[in-house]
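In order, the protein sequence lines correspond to chains D and W.
Numbering-wise (my numbering), the first sequence opens with residue 2 and increments by one.
Numbering-wise (my numbering), the second sequence opens with residue 45 and increments by one.
Warning: the hint list may mix true and false statements.
Said to hold, decoys possible - Derived lysine-lysine pairs resembling DSS-like cross-links, with alpha carbons at most 27 Å apart:
| # | chain 1 | residue 1 | chain 2 | residue 2 |
| --- | --- | --- | --- | --- |
| 1 | D | 347 | W | 158 |
| 2 | W | 158 | D | 344 |
| 3 | W | 250 | D | 84 |
What the hints contain is simulated information worked out from the structure, not anything from laboratory work.
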Amino acid sequence: MTHIEGRTVRSALLIPRGGSSMSEQNQTETPDKAETEPSAWSLIQSWLGSLKFSLFVVVLIALACIAGTLIPQGEQVSRFLVKNPGHHKALEFMTRVGLTNVFYSWWFATLLLVFSSSLTVCTLKRYRMIGRSAGAVRIRVIGSLITHVSLLLVLAGGVIRAMWGEKGVLQLSEGEIATSCESQTGAPMPLPFAVRLVTFELELYKTPNEPSNVGDVLYVQWPEKEMMVPIAMEATNTPVVVAPREQAGQDNTFQVKIERYLPDFYVDAASGEAQSRSKVPNNPAVYVSVIGAGVTNAEWVFARFPDFTRHKKPGVGPRMPLQFRFVSSEAKPAMGRSQGPVKAFKSTVEFLQNGQVMLTKTIAVNSPTTFQGYTFYQLSYNPEDLRWTSLQVVRDPGVPVVYAGFLLMMAGLTVVFCVGPYLDDKRKGSEKTV
Amino acid sequence: MINLFNAGLAVYLGALVSAVVFLMSSRRLFDIIANVLMSAGALMQTIYIGIRWSEAGRAPFSNMFESLVLFAWSVAVIYLVLRLQRNIPWLGAAAAAFSSLALAHASTYETAIKPLMPALQSNWLTFHVLTCFLGYGGFAVAFLIGIGFLASDRKASTVKPAMRETLDSVMSRTISFGFLFLTLGILTGAVWANSAWGTYWSWDPKETWSLITWFIYAIFLHCRFMRNWSGRRAAWIAILGFLSVLFTYFGVNFLLSGLHSYAT
Ligand code: HEM
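Next comes chain W alone, as it looks inside the complex (with noise of 0.2 Å):
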């Protein structure tokens, strides 16, 4: 079980190298190499999911460690599914990197399959992690082509106009997904809220931040759509989303637990 997970992470890893060798050399086999890694990293976690599903017999969406898998394979597909449609040259680097990088920080939490508290018994767990992460996903897929944009675009002139083009319309579109499923993430936890304490809504940390994060995107949506914002301005907003993302998933359980911690 853990050796796939580890050769998951491997695979990943080849991809990272494969497509910076790519980046430096120019040479089209190294992207082939990036990409079929990447697609069979991205398999070898579906099936590592898959095995794990089926061995805790519920979804394994319940903590830091699966969530994290989760993650780097909501990156590494949404990408993957990108690449048909759009070629950005940088960006398989990137969300191999990103996805290499959740996967060794999700080395560092616990690994054994945990029985589940009763809170967390419910098929809305399922439905509410797995539209949360694929939010995420388009997020983070977002945030790096914010990054690449604002990197790029600093030597204005070598930036071509096709180019930022695309990456305008490939970041309005991840965040358009991410949006939308994000929004599905918080309706599913407000009515699982709700089945389980009923309450759909009671402002702690965890909902506050995600409906912050929420307000961010929509202010993007409208900002790029109304208003035709888009370069530098919309990256600034995509990169900020991204902080807000990170914040509610990492920040709150960290920062904020300080509040109701216990032992005193």
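This is chain D alone, in the form it adopts within the complex (with noise of 0.2 Å):
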């Protein structure tokens, strides 16, 4: 089959359910009257608006999504040059390229212009097939349509975010009152009213049977079992030799040995080495090994990162089905430092105007709070003082229009996927009835 790109219909989308029909599958447009001799539009829409055009460019912004990942960018560039000091060449040229900043280039915005302006014209393309379409097909082509329109809107609430859109974080401490917060740049953002933190509470996870003056503790945990070892302070570096049991089987059986014990972790970067900074315990770390079920494993164990032991390389061997949780009662500072591991933390605030206020709200991970176009999320806190708090203040106009995108664009899938496929079925058993 030959044909013109913008021209000829080389398929409308057809799920194929057993014997295709082949009909459809041919279907040619007629070319307009009107564009016998090749006008501008018609160029533009047999280039810019066809599909080898339009899934080029997807491939290229792929492409720069995948050098996005796996280039360090950003703010990851001078952490990755501490690590791996032999890539700075390297590194230089790609940020000359514009290779370290991609998702913020004007060479990814060009990228996605072209994108959008190739998918607007594939739309007004095949919108006027519609009404030369009919029956499944036109359901389909209608799908699509409503789906490439979603594409262009959640990119269109992308633009108004970066054009109109404000970001900022906000620290308070209890009782303390501001009008305005600071943005990415560092430059104060206004807010057109007050707000007042009333209180911060944190809250942790209730730590079962835990006594609460027994100094350092190691809990060993493993499938619905947990056991809790002393650490003996005095003598660091003696190896804890502890055997948790399990009537079922040796297969259960490991020796769990803690090896060495840091007050003050942290890793010299010179030697790679664990050292203690200090005697003073600010980041107790033990080192754990098991030994048992064919496994033999040693890991670092944080008292302040609980959930930091999880995040293992891998080809280290197999993993220790053991999980550690390591409790020390002298790194417990004097705001009441979390143990545990959190179960939230969350702030009240008011929002004032003319020295009113207009709005109270406790405001959570997950609930946020808007106030006058303005949300606050809760980002985080300071564990060394627990008056303090750590808003994010976001004001995005564009966020109606992204998600008016994301249901069109359900509503377009669903036409493609499900409605025109069964349209298509009845129409098919119709036949075969008559």
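These two chains come separately, so use the hints to put the complex back together.
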């Protein structure tokens, strides 16, 4: 089949179910009478709006995305260089050609612009086709149009955010009132109202049967069980041997050894060795090794960073099926720093205008509050001083547009993948009965 | 609890053995046994997920172990639904192998129920993970078909046109299904991110790779339906797409985490 891009419809989107109907696949659009000589529009249409071109742009964007995840970006660059000093030259080159800031570079924006233009042209082109198709084909053309328009809406929402959105961080201590926050550039971002932090609350998960005054303790957990191993502080470097034993079989026997204790853990940059900065328990850590069930493994467990042990690099051999939690009594600072995992943290704030409280709300992670177009998110807190909170402040007039795009996208895809095939089946069914 | 998990794995392995025996002996009985075992395995996993859900008091979709269980489940269920409509003799063995492998791998992770950190405490977690993994399940089945297609296509004459037709059709249907759910997964993820941090998209590696995956399958769908690509070319895109799924799922966690690792 010969075709001129933009003039010939190779096939309407059809979901073959069993014997596909070939008649539909070769449906040909009759060229517009008015477009017998190539006008600028028909050139644009046949080139910018062609499937080949737009998919080519999609491939370019995908490649850019791959580059943007594999090459260190933004502030990652300096951290990467500390670890891999040898890559200085290469990274310098990549910075020069814009590969260390892919997603916020002019060329990536240009790609997205070309992508949008291509999609717009294709959409306009397709729009005229609705009238010329019928039945199930028409439904699918409409569905794909809706999908394409939804993508444009999402992109438009992103542009609105970039042009008119605002984003800042607000740090407040209890009782304090602020009328501006700090934008990403560090400049003050004024708010059209005042915000006061009433209280900040930190809620921890209950740690069952945790005696309050036992000194340092290592909890060893394995499926559905937990045991407690006191760590003899004065006897640093003296291994403590435990053998959690389950009745069921020998495979569950492990020897746990506390090999080292460092009160103030850090990794010496030069040697890569773990060392203690001081005798003060600023960052207590124990080095735990496990032998058993064919596994020999060791890892650092941190009192202050209970989640950290799980971020293990691959290729270190089989993982130990045990979990550790290190509770250090001495690491508790005066403000009651968290020991167990954090369950929730929330800030109760008042929004004031002309000295009057207009709204009082509690903001928690996953439950923000909006006041006069500004949305406040619970961002973080200061573990050393629990009177402080850190809120993210965002004004994004593009969100309704983006969400409309999301809804439309699901609607379009449903039409393409569900309604279309359903009608197809029905038609085939009725053909059979005729 | 953990026994039910292990039993599910054992049943899938049984399905695998039976499906392989069926392929070698061509005796229908083994096909039936394999499918009964697959159904039993899927049922056991459903119960396992249900019990874990109620024990944890939240959807059990929050870490590597839980998501792998979901992955195995979604592949088994999608295979079983397909089996009701079409018969691809070797697909049962492939699906059983996939689900067994996913569960076996899951068992190398921490299995205890852990409390959730605040950012994960959201109903969006349930929708987001469930839709993503239904999508991944569809893509996994399409991948298995793609591999099977390329493997059987070498002996070109032995693949009957009717079988080719079936493979092409099942592949594009599973990818359409996967695409619908991956899109839903990405969008619910974006809505969640917006309600947790005030940005629906921040180009982090996980997000970016899910977008790359989405692009690959969008390309597949356009080539398939606008340009009539089928057979080997379609199979290659299905394989490429699934490699991208795997990278989004595992690669980003393990390979790219080096950049934001702690303790420096
Ligand atoms: C969300 C995923 C997408 C779906 C489900 C989708 C669906 C479709 C469908 C069904 C058609 C055929 C329309 C018809 O039968 O008249 C189509 C055509 C087209 N799509 Fe998409 N699309 C999607 C995303 C994209 C993207 C990201 C692009 C890239 C810019 C794109 C570019 C095009 C183009 C250019 C055509 C027309 C090709 C031609 O006229 O020859 N689509 N799409």
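Here's how the hints hold up against the structure:
Taken as a hint, the residue 347(D) and residue 158(W) pair is honoured in the structure, with Cα atoms around 21 Å apart against an allowance of 27 Å. Taking the CA atoms of residue 158(W) and residue 344(D), the gap is about 11 Å. The hint holds against a cut of 27 Å. Restraint check for residue 250(W) and residue 84(D): satisfied, since their Cα atoms lie roughly 23 Å apart, inside the 27 Å limit.
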